[in-house]
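Each protein sequence line maps, in turn, to chains A and B.
The first sequence begins at 13 in our numbering and counts up one residue at a time.
The second sequence begins at 5 in our numbering and counts up one residue at a time.
Think of the hints as simulated: they come from the structure by calculation, not from any bench.
Treat the hints with care, since some could be wrong.
Here are the simulated BS3-like pairs of lysine-lysine, each with C-alpha atoms no more than 30 angstroms apart in a straight line [to be verified]:
no., chain 1, residue 1, chain 2, residue 2
1, A, Lys160, A, Lys253
2, B, Lys32, A, Lys112
3, B, Lys32, A, Lys175
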Amino acid sequence: MKVSYYPGCTLRNKARDLDIWARRSAEALGVELCELEDWQCCGGVFVAARDEIATKLSSVRALAQARDRGQPLVTVCSACHNVIKRTNQTLRTDADFAAKVHNYMAQDPNPIAPYTGETEVYHYLELLRDVVGFDRVRAAVKHPLTGKKIAAYYGCLLLRPGKVMRMDDPENPRVMEDFIRALGAEPVVYPARNECCGGYVVLENAQSAEKRSRTVSASAAGHGAEMIVTACPLCKYNLVKSGSELPVVYFTELLAEALGVKEESYAE
Amino acid sequence: MQNKNERRREQILRISGVNPLKCMRCGKCSATCPSYDEMEYHPHEFVYMVETGDLEPLIHSTSIYQCLSCMACVERCPRGVEPGKLIEALRLTVIREKDANHMTADTIPAVIDDETPQQAIVSALRKYTK
Ligand code: SF4
Ligand code: SF4
């Protein structure tokens, strides 16, 4: 099956691991990730204010391109996913916003047909759960991660606002735990798994982000985890920078390892 | 002065879409806020102070830069008030003023290291500049 793929700027730079193992694993699972052409940075974080239009146009362009290809749009980075899904939802529910977006877009050199939220947006985890199916993932595992105790770290971006993201129960999620089980490992549930790492505030108030992140890694370690998995480059950065005693790994790397595609050469 | 304050208040309500009158002052938003200790004014106080138009203290407080946009308060408010959106709108009315950007590209190099993801930089600039 073919899906449109939006990697995002960080996955082309500091988070290449998140991207490369997502691509390799998708291939192994029979999904073709067709990267969008000329995609632009999502901006990293959604600005909820209703009069913010221009900052959301890169998401609109990505969504419209996927629509024109007749494909769902898949993202891997938690932040891109949050921004693109919330923009899509706003287009579906706020006619005034959609009209303003169309006015902007009409000025593009090659204007697109008005876009009002038709595209389905999947996070890679949703793709695994809802399209591929965790049973098929389980069946494709070559090196089960038997006995590994892994803490799933959702952070804030994957789950909230719950009414918009609709990925899982925002207070008691299980998609990452089910993913970990599919790979043969043992998920560790701990209280801070859906609390924020401190996010972009690391550049404004580093101590604040450090405290947030330490709370998360200590909570995971205190519940017996050996490793933390995340889908977010900024979560990973903040956890590692704050001195997490546990290794922090992208979920796609874990997947590639279990599927037996991690050994192959790194070159694209 | 009075007018400017009232205009700002209207703008905050309009662009956030928040209705502070729905708040029942339970304090759950502040109890769940991960930045509580960093703030002089807390989410439930933002809601009340915007309701009453007591904006001056908020505008000058560093509290508006401590919000992580984590949406915990938005998710957990039993009345659907969405305090995080109100704080964001308030911050926007401040940084959108002339020369009021809270961060500039020049200040970034001092706060990043070799591992800082691009995501952190674009997010901070989006939240702290216009
Ligand atoms: S949680 Fe909601 S109702 Fe309770 S104080 Fe905060 S804004 Fe008001
Ligand atoms: S969105 Fe901001 S105010 Fe609300 S809980 Fe998160 S950090 Fe606190």
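So, going through the hints one by one against the coordinates:
| no. | hint | verdict |
| --- | --- | --- |
| 1 | A:Lys160 - A:Lys253 | holds, 24 angstroms |
| 2 | B:Lys32 - A:Lys112 | violated, 35 angstroms |
| 3 | B:Lys32 - A:Lys175 | holds, 19 angstroms |
This entry does not satisfy hint 2, going by the numbered hints stated previously; all others are met.
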